[in-house]
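Protein chains: 2
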Amino acid sequence: MSYSKEKWKGGTLLAPVPPALVTCRDNGNDNVLTIAWTGIINTIPPKTYISVRPERYSYDLIRNSGVFAINLTTEALVKACDFCGVRSGAKVDKFKETGLCASDAFSIDAPILDDSPVTLECMVTDVIELGSHHMFLADIVSVDVAKELIDPSGRLALEKSGLLAYCHGEYYSLGKRLGSFGFSVRKKKKKRRK
Amino acid sequence: MSYSKEKWKGGTLLAPVPPALVTCRDNGNDNVLTIAWTGIINTIPPKTYISVRPERYSYDLIRNSGVFAINLTTEALVKACDFCGVRSGAKVDKFKETGLCASDAFSIDAPILDDSPVTLECMVTDVIELGSHHMFLADIVSVDVAKELIDPSGRLALEKSGLLAYCHGEYYSLGKRLGSFGFSVRKKKKKRRK
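Protein chains in written order, with this note's numbering: chain X, 829 to 1022; chain Z, 829 to 1022.
Derived from the structure by calculation, the hints contain no laboratory data. Take the hints with a grain of salt, since some may be wrong.
Copies of the same chain are indistinguishable here, so a pair counts whether it falls within one copy or spans any two.
Unchecked claim - Capping the alpha-carbon separation at 16 Å, the derived lysine to aspartate or glutamate pairs in EDC-like fashion look like this:
id	residue 1	residue 2
1	Lys1004	Glu957
2	Lys835	Asp932
3	Lys975	Glu834
4	Lys907	Asp888
5	Lys975	Asp942
6	Lys837	Asp854
7	Lys988	Glu998
8	Lys837	Asp967
9	Lys835	Asp937
10	Lys975	Asp937
11	Lys835	Asp942
12	Lys924	Asp854
Input sequences plus hints: build the corresponding full structure.
Listed below in structure tokens is the structure:
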């Protein structure tokens, strides 16, 4: 397909992005909020970021505590994921409203979601004030993985979790698997005949 | 679903992420490379980033020119997308090898991909050296949109483009639409009876 393009003004039209449920705690206050402005920024050492509006209730919790957790979301979590993006922890107990269950993280003082298959525990290293959002750069200090998704060989069968994607204002499930990294240059195994 | 977690060491297990084809140009040299370490970092003004290993051929092109373009990828581009992530522009002409066609960008001196439905034209504002990767923070100066996907009301029908997602080493299509932002709190319209 070859498209003919027209120029629009600058905007945030990157897709798909991960609609993550971010959990945080400060002074015994736990909260959970949805963040799509996240990504990996470094491999070695592993680093990520989240960009948060300073007006959001969780902003001060994260700024004060210096930690947060990124919980990947699934089809089963789509309603909770949406709710935690539009309602504020200043007004409602989002754990109670959504039925999300949390445990304590392994490495940081924050809750992690039992309903999420993978959680990235993060420690803030820098905050960059960019405009509408402030960017929290963070080290990924541990990754918490659902035991139920680890197959006998030790591999994480993440494809069984039904991850969510967010794309131009809509939530999607993932569809067909189309190939694995490197498939375009991999030599095909020759079929052997007996 | 409630999972029981085990702690793994820190890693880059965020998913799904956008497997973008990034285009760049310096001194008349054009290149295209695949980048999954990208995301939106600010809404107003619109800002994004890409994290690139300094060893990659495109690193110097982007560092010298101060511009790049993020081209969203589709199912039709999955092979090109994979190829441009594993082969280097120092050794092969990736446009020639993949058959990708490019035009000149509207706002920056770089190529943009005709095969991509949406391109974000970006101007670098900062470079942060994080470790294995350097992070290019950038203003999104324009968004180039496929005319063929703009419906009569002016809405971009991005769902028709068949966007790709990248998840834990695998490429996926998007699946079912599960709801739009805010659906969890939206009041249902009452059915009117005549």
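How the hints compare with the structure:
1. Lys1004 - Glu957: neither (39 Å within a copy, 36 Å between copies)
2. Lys835 - Asp932: Only across copies: lysine 835 and aspartate 932 sit 12 Å apart there, 47 Å inside one copy, limit 16 Å.
3. Lys975 - Glu834: between (48 Å within a copy, 6 Å between copies)
4. Lys907 - Asp888: neither (25 Å within a copy, 44 Å between copies)
5. Lys975 - Asp942: within (11 Å within a copy, 44 Å between copies)
6. Lys837 - Asp854: neither (39 Å within a copy, 24 Å between copies)
7. Lys988 - Glu998: Answer is between; shortest inter-copy Cα gap is 13 Å, intra-copy 22 Å.
8. Lys837 - Asp967: Between copies, since 11 Å is at most 16 Å while 33 Å is not.
9. Lys835 - Asp937: This pair counts as between: shortest inter-copy Cα distance 15 Å, intra-copy 46 Å.
10. Lys975 - Asp937: For lysine 975 and aspartate 937, the Cα distance exceeds 16 Å both inside one copy (22 Å) and across copies (49 Å).
11. Lys835 - Asp942: between (44 Å within a copy, 13 Å between copies)
12. Lys924 - Asp854: neither (18 Å within a copy, 54 Å between copies)
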